[in-house]
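Enquirer: Okay, here's what each chain looks like letter by letter:
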Amino acid sequence: MTSLELAQQLRGGFPGLISEPSEFRGEVTLKVSDAERMPEICALAKKELGFDYLVDITSIDNYGEDPRFTLVYHLYGYGHHCQLRLKTEVSDEKSEVPTVTVVWRTADWHEREIYDMMGIRFRGHPDLRRILMWEGYPYFPLRKDFPLAGKPSDVPEVAFTNPSPMAGGPFVTIAGGKDTIAREPRVRIPETDALETNARLERRQDVREAHGHAHGPGPIEPKKGAS
Amino acid sequence: MAESREILLPDAAAGSDTGEPLRELEGERMVLNVGPSHPATHGVLRIVLELDGEIITKARPEIGYLHRGDEKIAENMTYTQFIPYTDRLDYLAPLANNVAYALAVEKLLGIDRQLPPRCQYIRVICCELARLSSHLLGMGSYAMDVGAMTVFLHTFTEREKIYNLCESLTGARFTTAYTRIGGLSRDLPPGWVEQCRKFLHEVVVNIDETETFLTRNRIFMDRTQGVGVIPKDVAIDYGLSGPNLRGSGVDHDLRKAHPYLVYDQLKFDVPVGATGDCYDRYLVRVEEMRQCVRLLHQCLDKLPGGPINVPDGKVVLPPKDRVLTRMEELIHHFINVTQGVNAPPGEIYFGHENPKGELGFYINSKGGGTPHRLKIRSPSFVNLSILSHLLPGHMLSDVTAVLGSFDFVMGEADR
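Quick mapping for you: the protein sequence lines, in order, are chains C and D.
Just so you know, the numbering used here puts the end of the first sequence at 394, numbered straight through with nothing missing.
Just so you know, the numbering used here puts the end of the second sequence at 417, numbered straight through with nothing missing.
Note that these hints are calculated values from the structure, not bench results.
Bear in mind that the values here come from a model prediction, so they are computed numbers and not experimental data.
Treat each hint with caution, since some may be false.
[Said to hold, decoys possible] In silico EDC-like cross-links for lysine to aspartate or glutamate, where the CA-CA straight-line distance does not exceed 20 Å:
1. D:Lys368 x C:Glu194
2. C:Lys254 x C:Glu194
3. D:Lys258 x C:Asp233
4. C:Lys261 x C:Asp219
5. D:Lys322 x D:Asp189
6. C:Lys254 x C:Asp233
7. C:Lys214 x D:Asp235
8. C:Lys261 x C:Asp201
9. C:Lys318 x D:Asp72
10. C:Lys318 x D:Glu77
11. C:Lys261 x C:Glu232
12. C:Lys311 x D:Glu196
13. D:Lys234 x C:Asp294
14. D:Lys200 x D:Glu211
15. D:Lys60 x D:Glu30
16. C:Lys213 x C:Asp259
17. C:Lys254 x C:Asp219
18. D:Lys200 x D:Asp303
19. D:Lys258 x C:Glu190
20. C:Lys311 x C:Glu263
21. C:Lys311 x D:Asp235
22. D:Lys269 x D:Glu289
23. C:Lys213 x D:Asp235
24. D:Lys304 x D:Asp253
25. D:Lys368 x C:Asp312
26. D:Lys368 x C:Glu232
27. D:Lys368 x C:Glu190
28. C:Lys318 x D:Glu73
29. D:Lys368 x D:Asp189
30. D:Lys74 x C:Asp312
31. D:Lys60 x C:Glu232
32. C:Lys311 x D:Asp72
33. C:Lys214 x C:Glu232
34. C:Lys318 x C:Asp294
35. C:Lys311 x C:Glu232
36. D:Lys368 x C:Glu256
37. D:Lys368 x C:Asp233
38. D:Lys368 x D:Glu330
39. C:Lys311 x C:Glu260
Construct the entire structure; sequences and hints are all you get.
Expert: Right under this line is the structure:
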């Protein structure tokens with residue numbers, strides 16, 4: 168059984184829905200004209216034709232063309248060692264296809280990744296959340312209209328629960344706190360830089376106000392004749 | 003200031019006094035966060051566990067902490083320029099990634115069958131050295147995850163030797179970027195084959211010695227046998243690949259199923275597990291290391307002479323002396339560097355048997371020197387997706403045993 172024969176068999180199961188198989192570098196590709204029928208087609212490919220391993224699902228953004236997105240499914244069968252590629256298209260307005268997680272459970276993360284990177288939603292997916300970017304990220308970075316350098320966006324707040332036991336004590340630095348730099352022991356003060364020294368003195372004042380006393384070696388007097 | 007508060011405990015005995023039937027107390031579920039930076043997670047993986055006592059009831063892996071957008075980057079540079087980025091996928095086996103990527107692009111160009119024999123043999127040597135290095139680390143860190151420190155020191159001694167070999171071969175220990183489209187960046191340095199042979203003789207002894215620490219070790223067996231069992235059908239359903247798939251008893255190795263390079267001319271066995279537990283995955287890796295040594299010996303014995311690059315100036319940079327003296331080579335050099343290798347329109351998928359599993363590159367080309375879309379099918383990403391199915395029902399202490407047995411790398415999971 169070759170990939171081409173299997174492709175023809177799959178095509179025979181859905182008359183008028185699947186294109187003539189095309190071959191490039193020994194790989195067989197079928198185009199499915201209706202993305203809504205993908206779960207049926209995949210279920211048949213798995214059950215009847217032995218494509219038990221879903222290698223990968225990929226999305227392509229054909230920016231400027233209609234329909235905009237292409238979905239690519241790579242199928243493989245451990246029984247016959249044949250490969251098959253299924254392609255289907257989905258428009259920008261719709262951006263939604265039914266999930267194939269019911270056929271192969273490995274589709275779960277692949278579909279989440281496509282949703283995350285390309286913004287195509289998978290109807291019926293058990294847990295369609297972003298996977299590589301964080302929850303609440305507003306863009307879809309693999310789209311062609313997203314710049315390589317990225318766009319500024321809000322980074323989520325760091326989720327703190329209760330204050331740690333020694334919070335506010337002499338050895339704890341609060342990230343982003345006013346006195347962070349002053350408390351950081353690795354910060355080195357160039358002795359000749361009077362501006363920097365004065366700034367440090369001011370920060371020390373902050374510390375004193377916040378805690379009633381300054382920790383560490385205490386204020387550094389500016390060098391005589393430096394300014 | 004800590005405030006004291008009263009802790010109210012349901013009084014079971016009081017209930018029986020009042021005549022109410024005793025009911026089993028249902029404990030509150032506790033949510034525990036493992037990672038994102040935890041010594042046993044092998045990278046920045048975070049798992050949100052829901053616990054009932056010590057039993058895991060729900061597991062939610064959170065990935066993406068190492069996401070760099072490699073696929074986006076690939077769309078914006080030539081095929082050759084992307085080679086160093088492949089080092090940073092599975093950074094424990096950069097040589098194997100280089101080979102996988104080069105083969106994928108060569109498949110697109112249609113020159114994957116025209117590679118000179120010497121190039122093919124050297125690439126196999128690269129792949130197997132990378133596999134050996136990756137499995138040595140996998141073994142050492144796995145032993146450490148389940149509480150054995152010494153193994154790590156032994157395997158890292160051997161890995162150091164592999165890094166020295168890599169350094170003399172490629173000029174870099176970690177970020178090798180050794181392959182080129184249509185060949186290699188340079189030939190083997192003088193004396194390298196002898197160095198490699200010496201290393202192979204040492205490493206087999208070390209593998210045997212190291213194995214005596216673990217394979218029949220009662221503690222190690224208790225911690226790994228019957229833990230994290232993945233049946234065959236589940237492994238296939240979740241798309242596992244590599245040693246994790248073979249540990250579950252599926253006899254599938256891309257080097258055997260679809261031989262690339264010269265794997266069809268070399269003799270090696272594919273170890274397969276029986277029960278699919280952590281112990282089996284460990285055993286498969288140990289045996290694969292021995293097969294690596296076997297393959298490497300064969301390659302070094304058979305290593306032919308001749309060129310290492312495809313004789314096509316439109317793919318590989320021509321030799322510098324000819325670039326400086328001849329017009330045609332100068333043009334080839336200029337076009338290759340500025341525009342990249344001119345690939346035909348089309349699409350290919352190439353799956354490569356990497357140490358961690360099937361590393362696949364799907365390249366969609368519209369012609370020209372840059373891919374229209376390059377998708378990296380990384381084995382670690384797919385292998386990790388089974389965790390939410392596998393972990394529930396296990397004890398909390400088994401999490402490290404299961405994670406270690408998967409031998410994943412977040413660099414390629416997050417890309």
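Enquirer: Please verify whether Lys368 (chain D) and Glu190 (chain C) have alpha carbons no more than 20 Å apart.
Expert: holds, 16 Å
Enquirer: For a C-alpha distance cap of 20 Å, please report whether Lys261 (chain C) and Asp219 (chain C) respect it.
Expert: Roughly 29 Å separates the two Cα atoms, so the pair is violated.
Enquirer: So if I understand the rule, the pair passes when the alpha-carbon distance is 20 Å or less; does Lys311 (chain C) with Asp72 (chain D) pass?
Expert: OK: Lys311 (chain C) and Asp72 (chain D) at ~14 Å, within 20 Å.
Enquirer: Does Asp312 (chain C) lie within 20 Å of Lys74 (chain D) when you go C-alpha to C-alpha?
Expert: holds, 11 Å
Enquirer: Can the restraint linking Lys254 (chain C) and Asp233 (chain C) be considered satisfied, given a maximum Cα separation of 20 Å?
Expert: holds, 15 Å
Enquirer: Assess, step by step, whether the Cα of Lys213 (chain C) is no farther than 20 Å from the Cα of Asp259 (chain C), and give holds or violated.
Expert: Since the Cα atoms of Lys213 (chain C) and Asp259 (chain C) sit roughly 29 Å apart, the hinted pair is violated (cutoff 20 Å).
Enquirer: Take a quick look at whether Lys200 (chain D) and Asp303 (chain D) sit within 20 Å of each other, Cα to Cα.
Expert: holds, 13 Å
Enquirer: Under the criterion that the straight-line Cα-Cα distance not exceed 20 Å, is the pair Lys311 (chain C), Glu196 (chain D) satisfied?
Expert: violated, 50 Å
Enquirer: What's the verdict on Lys269 (chain D) and Glu289 (chain D), does the C-alpha distance respect the 20 Å limit or exceed it?
Expert: holds, 14 Å
Enquirer: Is Lys200 (chain D) close enough to Glu211 (chain D), meaning Cα to Cα at most 20 Å?
Expert: With Cα atoms ~17 Å apart, Lys200 (chain D) and Glu211 (chain D) stay inside 20 Å; holds.
Enquirer: Measure nothing beyond the straight line between the CA atoms of Lys258 (chain D) and Glu190 (chain C); if it is 20 Å or shorter, mark the hint as holding.
Expert: Violated. Lys258 (chain D) to Glu190 (chain C) sits at ~23 Å, over the 20 Å cutoff.
Enquirer: Is Lys311 (chain C) close enough to Glu263 (chain C), meaning Cα to Cα at most 20 Å?
Expert: holds, 18 Å
The earlier numbered hints that this structure contradicts are 3, 4, 12, 13, 16, 19, 21, 24, 29, 31, 33, 34 and 38.
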